[in-house]
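> Please build the complete structure, drawing on both the sequences and the hints.
Protein chains: 2
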Amino acid sequence: MDEKLAQLKAKLGEIQDISGAIALLSWDQTTYMPEQGAPARGRQMALLSRLSQEMQIDPEIGRLLDELEKGGDQWAADSDEAALIKVARRTYERAIRIPPEFLASFTEHTAVSYQAWAKARPENDFAAVAPYLEKTLDYSRQIADFFPGYDHIADPLIDFSDYGMKAESIRTLFAELRQELVPLVEAITEKEPADNSCLHKHYPEKKQLDFGMDLVRQYGFDMKRGRMDLTHHPFMTKFSLGDVRITTRVDEHNLADNLFSLLHECGHALYELGIDSGFERSPLNTGTSAGVHESQSRLWENIVGRSRAFWEYQYPKLQAVFPEQLGDVTLDQYYRAINKVQRSLIRTEADEVTYNLHVMIRFDLELQMLEGTLAIKDLPDAWHARYQSDLGLVAPDDSDGCLQDVHWYAGVIGGSFQGYTLGNVMGSLFYDAALNAQPSIPQDIAAGNYQPLHQWLISNIYRHGQKYTADELIERVTGGPLTIKPYINYLSQKFGDLYDLV
Amino acid sequence: MDEKLAQLKAKLGEIQDISGAIALLSWDQTTYMPEQGAPARGRQMALLSRLSQEMQIDPEIGRLLDELEKGGDQWAADSDEAALIKVARRTYERAIRIPPEFLASFTEHTAVSYQAWAKARPENDFAAVAPYLEKTLDYSRQIADFFPGYDHIADPLIDFSDYGMKAESIRTLFAELRQELVPLVEAITEKEPADNSCLHKHYPEKKQLDFGMDLVRQYGFDMKRGRMDLTHHPFMTKFSLGDVRITTRVDEHNLADNLFSLLHECGHALYELGIDSGFERSPLNTGTSAGVHESQSRLWENIVGRSRAFWEYQYPKLQAVFPEQLGDVTLDQYYRAINKVQRSLIRTEADEVTYNLHVMIRFDLELQMLEGTLAIKDLPDAWHARYQSDLGLVAPDDSDGCLQDVHWYAGVIGGSFQGYTLGNVMGSLFYDAALNAQPSIPQDIAAGNYQPLHQWLISNIYRHGQKYTADELIERVTGGPLTIKPYINYLSQKFGDLYDLV
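Which chain is which? The protein sequence lines are Z and P, in order.
FYI, our numbering numbers position 338 of the first sequence as 342, with every residue one higher than the one before it.
FYI, our numbering numbers position 131 of the second sequence as 135, with every residue one higher than the one before it.
One should not assume that every hint holds.
Any copy will do: because identical chains look the same in the list, a pair fits if it lies in one copy or spans two.
As the list claims (entries may be wrong) - Straight-line alpha carbon distances no greater than 30 Å define the calculated DSS-like cross-link-like pairs of lysine-lysine that follow:
#, residue 1, residue 2
1, Lys-195, Lys-210
2, Lys-228, Lys-123
3, Lys-321, Lys-210
4, Lys-170, Lys-139
5, Lys-344, Lys-74
These are computed hints drawn from the structure, not numbers from a lab.
Dropping the structure here:
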């Protein structure tokens, strides 16, 4: 069996190696590639993806898994070996159930659809993308049907990003959450709006980057195992456990944009960098779900990075870097500015409280499209209606309506958005657990020491990589299932204080 | 036949696509990759190289070539199609004659050998690398023997970089050249040495890079199709016809280092960027030989970039950028400084005149090792003896002796060095041909207009890519064979003027 496991690991290792190469090609495409490099880069990535796919569906992997599963009782249920076999099986089944010709045709479609969207969005032309979206919906349903036996047609699609979660239970969780959030937003927006004009003075790029990267290093990002580069739409990517990269962008008239983007991507990176080094080249070597990943980016960006304790220590340093801009801005004014809550139209610019309302709208609309209760042609109106009812705002056009996010235009419809809000919910849950274990963490943060929290997260979450599902991790850490309580408590307390709510 | 050709092109296109991906992995490795990314990067590159090799030896390519060669009279001898089939056959034979297991074992050996060299060089420990070099020599001979029927055992190895050239004819050419160079160096070094202290003031990095990149753009390097990054050992690389990158390094106390390195790599890049866009994804899509490639880097670096005409236009601009450093240095003083000739120990730091003596020593020693007339253990002494006789200098140790260049320690022994001097010789030959066709080129250069020369080179050399061999190109451009005359005339005139020789 050890011999078979070694053979399996060798095959899975090559899949990891080629994935790392593809990730590098993609990173370069969005950071440094000159304009005219695009057509060849598209071909290079398509070729490597095809080769990767061929490796993933290698029948030898199936044979080895069959044998290992038969003789698998030699490994304890909680062992890394058993987890490897389980995750490898899941990944293998995902790969072989989608026929290669279907995958090729879908991949080609998403490339064309993305191009159409990139043109249609600035032109506010939903009609131009509607036919592509119809096809995408059709493809998405077909993909779901490659995995029969689901409760809801979205479940197999949700499985791709948040394995084990179900449309129905997320719907229930989100409904609970919405019941709490709507009145909270209501209460906040009745109050005097926060003044964030101090963030919109002129902040030179280099100083912003130096200060932001200094925070990233203090969080524990190891520059020997990663780097930071500029891009248009910030992201984190990984080529191996020794090479995890973050990206950012700088707006010289918006201090918060780059700063919190860096802390957000750093959170993603800390998760990947914290995975057990023994998992290198194995499918366990990645964050376990979109939700858990987002929990870490939001935890480091918001729960830590937008907390008063954090800025008690860091704000004088920020003031020292920007004396002209912030010299006469008090800590309290700054703290209110970076936590300004307002109803808005664009998800990616939303604050901590309203953000989830944006996400839930998309999640519900996705389900309706998949169920067939919402036709593509009716999407724009449905979008506007939900923004009206949930956020009290209607976008002047579709560009800032249902054309604003790339997801549906460059991938499947289904499973694309729930991770963002699951992440917020889980972030508070994990942070609470950390505080229960180590109550001095807030004082550590107020003293500029992030390592007690970082180390707790490594020990309890990061190191496991994909060994446990999100639900299993939550059970291990909290002893119970996913609940919104810690998140609601967190929001109520923080924004209750900020906005003097009773 | 058109159908078969299309099938062949599709297969060859994928080989080009994967090569581009490998080149990107390598570029990143030497520019941006964090330290701990190295082990995974090695695996990623090894995997892609293996996949590329598998594509190259695909028997289907052999079958298609067989059929196309049989029915090939439908394409004119000078057509792109005929050239494609010819070059594809050559490349295919090269790939299939070296057994995969041999290649894997040799590749592993060179990696280990390189590591040993990287440690041994600073420690001046030739004994530590000698066993690896013995093995490399053995591998090199075996590689040559996979291509039987050669006149000299080095010929198949020379073919890899300078296809069609033979050890014997290069030896003859180099002997002629040496006869001219030795007295020229003699005559120059009897004169007052040039003073290049003006190059060693403090020149801030950013200003150096801005000025150098401005020249690179003036030469015709298109930033939409390429970029420049920093590295330790500058190089040019290509991922596709739309993505050709150069690299440089900056020494703030040596103005010439970065400046001429940029012009050198830009010359390589202009060659690749000038290839007929119809050759994209075909094996014709590359410079035709090491010698012709080097002819372009040296032409743009030296014949243009170190000429008086060039600096008549550019020097006032350089002075304006560095008024403190160069304000009181005359054009003549600067021109003498950047063309200082001196006997030295290190090839990569040598001037235009003595450079070839360094190369010829290496070329001769390579042949002797391959012939078996020079044992590895005697290499250090043989090296010192040749430096004594050819340059009148003996290195204090092997670090600056036979350990100074990486080539033999990271590749084959044979065919590694001749391209540098062939490049110098061919550079003058091509430049003379350009001047015959367009006598106003020197005036254009003196007016800061490099496009007449650039366009002539595109039309006569660059666009052909690998369609013609070096010899065929020379025949087409000059109507005769390779000759050292233009190069000797160039050196005698330029350095005769500079050093007041009679």
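> All hints, please: hold or fail.
Verification of the hints:
no., hint, result
1, Lys-195 with Lys-210, "neither (36 Å within a copy, 51 Å between copies)"
2, Lys-228 with Lys-123, "between (40 Å within a copy, 21 Å between copies)"
3, Lys-321 with Lys-210, "both (16 Å within a copy, 28 Å between copies)"
4, Lys-170 with Lys-139, "within (24 Å within a copy, 60 Å between copies)"
5, Lys-344 with Lys-74, "neither (57 Å within a copy, 76 Å between copies)"
Checked against the numbered hints given earlier, the structure breaks hints 1 and 5 and satisfies all the rest.
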